[in-house]
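Student: Protein sequence lines correspond, in order, to chains A and B. Heads up: the first sequence at position 123 corresponds to 265 in my numbering, and the numbers run straight through without jumps. Heads up: the second sequence at position 379 corresponds to 391 in my numbering, and the numbers run straight through without jumps.
To be clear, the hints were calculated from the coordinates, so they are not data collected in a lab. Mixed in with the good hints, there may be bad ones.
Taking lysine-lysine pairs in the DSS-like style, the calculated list, with each CA pair at most 30 Å apart, reads [stated by the list, open to error]:
1) A:Lys176 with B:Lys427
2) A:Lys279 with A:Lys218
3) A:Lys176 with B:Lys533
4) A:Lys218 with B:Lys336
5) B:Lys533 with A:Lys287
6) A:Lys215 with B:Lys267
7) A:Lys218 with B:Lys533
8) B:Lys267 with B:Lys383
9) B:Lys336 with B:Lys383
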Amino acid sequence: MSEPTKGFESHEAGRYLSFTLCGEEYAIPLLHVKEVIGYSEPTPIPQAPPHFKGVINLRGQVISIVDLRSKLKLPKMEVAPETSIVILDLAPFCLGVIVDSVDCVMPLNPSEIDTSSDIENFVKGNHLLGVAKRDKKLILLLDIKATLEVSDVKYLKDESAKAA
Amino acid sequence: MLANAEQCFLNLEVAKDDPSLIDQIFRLAHSLKGSAKAVGFNAFGDFTHVFESFLLKIQKKEIAVSDSVISLLLECNDFLAHAISSLKGNPMATLEDGELRGRLEDAIAGRMESAPAQVPSDAEFVEDAPVVAFKAEAPKAVPAAGAEKPAAAHDETIRVNLSRIDQLLNSVGELVILQNVMNENRHGVGGALAQKTVVEMGKIIRELQSLSMSLRMLPMKGVFQRMQRIVRDTSKALGKDVELEMVGEETELDKTVIERLSDPLVHLMRNAVDHGVETPEDRLAAGKPPQGRIRLSAVQRANQIVIEIRDDGRGMNPEKLTQKAVEKGVLPAGATLSAEQAYQLIFAPGFSTKEAVTDVSGRGVGMDVVKTNITELQGQIEIESEQGKGSCFRVLLPMTLAIVDAMVIRVGSQKYIIPLAQVTEFFQPDGKSFTSGPMGGEVLNLRGRVMPVFHLGAMLGLKPSTESKETVLTVAGTQGGDFAVCVDEVISQQQVVIKPLGKEVNGLPGIVGASILGDGKAAFILDLCELAKRHRMQKTTKTQMRMLKQEVA
Numbered sequence: 143m144s145e146p147t148k149g150f151e152s153h154e155a156g157r158y159l160s161f162t163l164c165g166e167e168y169a170i171p172l173l174h175v176k177e178v179i180g181y182s183e184p185t186p187i188p189q190a191p192p193h194f195k196g197v198i199n200l201r202g203q204v205i206s207i208v209d210l211r212s213k214l215k216l217p218k219m220e221v222a223p224e225t226s227i228v229i230l231d232l233a234p235f236c237l238g239v240i241v242d243s244v245d246c247v248m249p250l251n252p253s254e255i256d257t258s259s260d261i262e263n264f265v266k267g268n269h270l271l272g273v274a275k276r277d278k279k280l281i282l283l284l285d286i287k288a289t290l291e292v293s294d295v296k297y298l299k300d301e302s303a304k305a306a
Numbered sequence: 013m014l015a016n017a018e019q020c021f022l023n024l025e026v027a028k029d030d031p032s033l034i035d036q037i038f039r040l041a042h043s044l045k046g047s048a049k050a051v052g053f054n055a056f057g058d059f060t061h062v063f064e065s066f067l068l069k070i071q072k073k074e075i076a077v078s079d080s081v082i083s084l085l086l087e088c089n090d091f092l093a094h095a096i097s098s099l100k101g102n103p104m105a106t107l108e109d110g111e112l113r114g115r116l117e118d119a120i121a122g123r124m125e126s127a128p129a130q131v132p133s134d135a136e137f138v139e140d141a142p143v144v145a146f147k148a149e150a151p152k153a154v155p156a157a158g159a160e161k162p163a164a165a166h167d168e169t170i171r172v173n174l175s176r177i178d179q180l181l182n183s184v185g186e187l188v189i190l191q192n193v194m195n196e197n198r199h200g201v202g203g204a205l206a207q208k209t210v211v212e213m214g215k216i217i218r219e220l221q222s223l224s225m226s227l228r229m230l231p232m233k234g235v236f237q238r239m240q241r242i243v244r245d246t247s248k249a250l251g252k253d254v255e256l257e258m259v260g261e262e263t264e265l266d267k268t269v270i271e272r273l274s275d276p277l278v279h280l281m282r283n284a285v286d287h288g289v290e291t292p293e294d295r296l297a298a299g300k301p302p303q304g305r306i307r308l309s310a311v312q313r314a315n316q317i318v319i320e321i322r323d324d325g326r327g328m329n330p331e332k333l334t335q336k337a338v339e340k341g342v343l344p345a346g347a348t349l350s351a352e353q354a355y356q357l358i359f360a361p362g363f364s365t366k367e368a369v370t371d372v373s374g375r376g377v378g379m380d381v382v383k384t385n386i387t388e389l390q391g392q393i394e395i396e397s398e399q400g401k402g403s404c405f406r407v408l409l410p411m412t413l414a415i416v417d418a419m420v421i422r423v424g425s426q427k428y429i430i431p432l433a434q435v436t437e438f439f440q441p442d443g444k445s446f447t448s449g450p451m452g453g454e455v456l457n458l459r460g461r462v463m464p465v466f467h468l469g470a471m472l473g474l475k476p477s478t479e480s481k482e483t484v485l486t487v488a489g490t491q492g493g494d495f496a497v498c499v500d501e502v503i504s505q506q507q508v509v510i511k512p513l514g515k516e517v518n519g520l521p522g523i524v525g526a527s528i529l530g531d532g533k534a535a536f537i538l539d540l541c542e543l544a545k546r547h548r549m550q551k552t553t554k555t556q557m558r559m560l561k562q563e564v565a
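Bound-form chain A, shown alone:
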């Protein structure tokens, strides 16, 4: 957890992209977001784990798509008109994640983010960086790198190692 955590430590307001999954509001650091596109059906990858939805063509680039709902073990949902793909730039990876809808870009002050010990276990267990409160709503700050990078890459590697 390198960059996002650093963002908290420096006392500047970071900008976050918020989106909805299963009625809950999540946010990720805007720095990791390359662009947001409408949903297009990905080409499935044979023998890939279920949350790995497949690949899409993004203006000539082939980009892997992860279903964030199934990655976070949330119930499945049919594709709706608001369903979007957020293209993330997590060097060296460039991945897209499927979210229910993209809401807005918001600045969050470190003071607004609760990382206190009461919720520490909750935060750690759920790939979260913290919880922000705004207008009586809770926004879950997702550690997108931890959510995607480690486990998925490892999973696919294991799969191919098993096969070989």
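Once you've looked at the hints, dock chain B against the given chain A.
Tutor: Chain B in isolation, oriented as in the chain A frame:
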């Protein structure tokens, strides 16, 4: 610049007293000296000065151009290349030019004969000196070189970052896809003018595509020049007399292919000089002219580049190769091989017919490297040989790694791409073609050839397809023979642009890349051999575990 100079030296060896060549070298050395002094590399400048005086003597014909003179010149050339690269890394680097400089000075004083021809010991060094790479870097190292012009080729060029070209290719590729989509739907929109425009635009886009593809292509000249040097040094080191003939150095290849081709070619050339061509005495005894000949040629055939290294040496003895392989434990005793199979033995790691390891060869590494590199480039290597007459190594390479001829097929609702190179034929079978095997597997009888049948859907771990009228593709398998693969439909045969997959999905077995189809969707490029291998293994583990255990025991 130095690469040019090297070429001149080598030419000089052939045309011993062509004054225009010496003039050219002289000019090169002079401008190098000027540039070095201008940027303050005094030691370097001093050395080039001595070098220049030596050249001047040659120019004035006070020193005859002999082999040893040329060796000395080449050594100086290497030294200069080395010096510049070390200066680039560390501008304060001191040059240890004492020994070479002393010999140069000796030579100028007319004591040429005392100068030892030290080429053999330098043979290793040549590999390290980035002679070819240097050509591209020289202008950076000598920024003040205004006098470079006379040496440079006359066609005007600009240097462009490769990533920009790739971006351009990407965009053009996108344009082609969009054009396809538009073309498919053109009857639905607009009037006659709009439709005509779509067609016209298509032509221009295709032209644009082939043009942008050609941007990545480079002539093989650089690699060929390096080979000339390799042959010269290797043959001198081995006391052989070899003439290298080069044909088709203007043939163009993708830049990345050229870069990765250099190493295998070096090994092939050294192999030809060392193993192929005999010593002058042996040649005379065999009734051949004492000078051996190696012919390096490159030619484009359809979508392939064919590079041939043909020597007129002793050729290869298949029986001897087989015998050697048995001795080394590569083959079980009593194995018999066809000539072609025996020739392929030389690519086995650790295989060498040489008794002793020398500077040049004998470790049995070289040909293994050749095979690996060529395979990585999706190329093939063929060997022809006739005892006493010589051998020919033929390297077949795709023109570019970015495009592949492929077949688009459908399994279930998904489209997949199979490179055409993997497919030998495809047809629609009737019910009689298949026979069920005892293990539930199917066997296909194709004109007397029997091969196992796999279903692509099952190979990919998809649900079994319900469609009955399947098209069968037959595939030439590498290990374990041919096999047939069932797909639901063959959609088209087309060229596809290979797109790299992200790191997160890299290394998925059986998938070699992805591409974007005419409908704008991404599709995977499959490696059927790999998939079949995996599939077989899975089957084996499931149903034949016990049999396997017995076999092992």
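Student: Run every hint past the structure and note whether it holds.
Tutor: Here's how the hints hold up against the structure:
1. A:Lys176 with B:Lys427: 28 Å, holds
2. A:Lys279 with A:Lys218: 24 Å, holds
3. A:Lys176 with B:Lys533: Measuring from Cα to Cα gives roughly 21 Å; hence the hint holds.
4. A:Lys218 with B:Lys336: Outside the cut-off at roughly 63 Å; violated.
5. B:Lys533 with A:Lys287: OK: Lys533 (chain B) and Lys287 (chain A) at ~27 Å, within 30 Å.
6. A:Lys215 with B:Lys267: 46 Å, violated
7. A:Lys218 with B:Lys533: The hint holds at about 24 Å.
8. B:Lys267 with B:Lys383: Given pair Lys267 (chain B), Lys383 (chain B) holds - Cα atoms ~20 Å apart, limit 30 Å.
9. B:Lys336 with B:Lys383: Holds. Lys336 (chain B) to Lys383 (chain B) sits at ~19 Å (cutoff 30 Å).
Hint compliance for this structure: hints 4, 6 are broken, all remaining hints hold.
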